[in-house]
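Visitor: Listed here are the chains, written in short residue letters.
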Amino acid sequence: MVAITRTARSASKSRIRHRAPGYASRMRFVYISLVPILGLIFTFSLLPIGIVAWLSLHRYNQLSPVMPWLGLRNYEFAFQTDPFFRNALENTLKYAFVAVPVNIVLSLPIALGLNQITRFRALFRTAFFMPVVASAVAVSLLWNTIYDPQAGWLNAFLDWVGLVPRPWLGSPDTAIWAVLAAAVWQDLGYNILVFLAGLQGIPQDFYDAAKVDGAGPWQRFRGITIPLLQRTTLFVLVLTMISYLQEFTHIQVMTNGGPIHTSETLVLYTYKKGFSDFNMGYASAMSMILMGIILIITLIQMRLMRSRWEY
Amino acid sequence: MATTSYVVPETGDLVRRRRLKKIGTAALYVLFGIVAIIFTLPFVLMLSSAFKTQAEIIQVPPSFFPQDPSLDSFRTVINDAPFFTWFRNSLLVACTVTIIVMFLCSLGGYIFAKFDFPGRDPIFVVLLATMMVPFPVLLIPSYLIVNKFQLINSLWALIIPSMVNAFGIFLMRQFIAGIPNDLIEAARLDGASEFRIFLRVILPMAKPPLAALGIFTFLAAWNDYLWPLIVINDIDKSTLPLALSFFNSAHAQRYDLIMAAASMAVIPIIIVFVIFQKQIVNALVIAGLK
Chain A
0 MVAITRTARS ASKSRIRHRA PGYASRMRFV YISLVPILGL IFTFSLLPIG IVAWLSLHRY
60 NQLSPVMPWL GLRNYEFAFQ TDPFFRNALE NTLKYAFVAV PVNIVLSLPI ALGLNQITRF
120 RALFRTAFFM PVVASAVAVS LLWNTIYDPQ AGWLNAFLDW VGLVPRPWLG SPDTAIWAVL
180 AAAVWQDLGY NILVFLAGLQ GIPQDFYDAA KVDGAGPWQR FRGITIPLLQ RTTLFVLVLT
240 MISYLQEFTH IQVMTNGGPI HTSETLVLYT YKKGFSDFNM GYASAMSMIL MGIILIITLI
300 QMRLMRSRWE Y
Chain B
0 MATTSYVVPE TGDLVRRRRL KKIGTAALYV LFGIVAIIFT LPFVLMLSSA FKTQAEIIQV
60 PPSFFPQDPS LDSFRTVIND APFFTWFRNS LLVACTVTII VMFLCSLGGY IFAKFDFPGR
120 DPIFVVLLAT MMVPFPVLLI PSYLIVNKFQ LINSLWALII PSMVNAFGIF LMRQFIAGIP
180 NDLIEAARLD GASEFRIFLR VILPMAKPPL AALGIFTFLA AWNDYLWPLI VINDIDKSTL
240 PLALSFFNSA HAQRYDLIMA AASMAVIPII IVFVIFQKQI VNALVIAGLK
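Residue numbers (numbering that gives the first Met the number 0), protein chains in the order written: chain A, 0 to 310; chain B, 0 to 289.
Taking lysine-lysine and the DSBU-like style, the derived pairs with C-alpha atoms no more than 30 Å apart in a straight line are: (1) Lys277/B x Lys206/B; (2) Lys277/B x Lys21/B; (3) Lys113/B x Lys206/B; (4) Lys21/B x Lys210/A; (5) Lys271/A x Lys93/A; (6) Lys236/B x Lys147/B; (7) Lys236/B x Lys271/A; (8) Lys210/A x Lys20/B; (9) Lys271/A x Lys147/B.
To be clear, the hints were calculated from the coordinates, so they are not data collected in a lab.
With the hints as extra help, turn the sequences into a complete structure.
Guide: As structure tokens, this is what we get:
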């Protein structure tokens, strides 16, 4: 049956190139399906990219009828004049460049350990993964109560062990780090899972063979686990970095950027500029800058990791 | 992982090594126990606060277990706030988005995987490029577009822009490309229409990535906060995360109420997660790694 189909098809193909039987109905199916799909993609993914780029070159306020051309002056203002932009940029980079290593340094060993144990693995995995499925707002509110200066659990605990209680979210020195701790607590489970999947993808034969050759646990780890986990690590690194560079929810709910802007991230500042001050042209320029930063950091990471680890 | 080492010269050494290994494993379990407590403790604290009375919640230092557990805070949340409306909104938006995304992305994936049409490759490259742009960058134009369609403050604003995405099309295409063409041809010979082939041949075979896409989409829609924050103003149109944030501003410092509302928002999704744990874990890994 299949053989006949094939000969029939190739025969018709050789006669009229593009008019195989059913060609018209196939094309109709393709176009009817593509219209809604590409229409939606165009309207909500492609068009916004054009609009944000175009707006970033203007002064734009939704309420005002005119939209004066500014050229690159929004960008100039961001980098040269606006201290809050610089502050938000620094906070964002600080946040991401601390959160990513902390996340990986915690999630990789947990995954390695989980890969070693046989019993209760599913139970531990459930415990680690629960925060990932919870909403970031609920988790932020939960950590608000933990960090509360008076009735919070953290200070009660610190007091109990004899350490100094602090207003964790209320102090400029600690606010951003307190939020970071809550965010990492919430996200860790996802990377643990991805690392675990990567580890389980390494064939056991490799370890057995190395053992027969007399390689110790550390040598097996360095010689097999690390190189074979590089793809997973690169993936985790890039995705985690991208997501922390866009941090918004935890910060907005827990500190709203305060105290005195010390925990204000770029997305939060852009949101405030765009939707509280209605300075949408400037907010668009900052969005473009964020996109540029994300692209550059992603490319650098991919380049670095590739040249170091690929063989 | 009970492994026996075969190349060990002396028996004494073997015994010692085994003992070391046993101690190591035991230590690992203890360590994991502690880490697991760190991970679950905040949820326990959340529930504990939710069951406390208003008087007990402001007590310093806080009590670990409620001295006089009461359901008052839950009652207040349900009676004084439209909690079930928020829940229904979340469910409605997340389910609608999930079903449409699963349908449109698999249809798109099928078309890009199995059909040859003019402009296919350049269109696909553009599609992939849109995946590189993170959503917060497009906040302002997305708001303006949705505003043009007069969808602000409507649940449609949460549904329509999320109905299809390049990542989903890409994920489905990668999988569907591996389905043999002969199956499709055979169905065509049997006289099935193209759409029927998609429904009856392709979709049943593409279950694993479809489940992954569905779970991923549902979780993202259920937990989304930034976009509802921008397009929804009305408390009755809120989804849960947005409503929780409103609720928090309205009842600042009433941790008993806030934690009761947060528990009611989080617990259903955690129960769903525990039931479908295996599938969800697989799904997130498929969606992440492919």
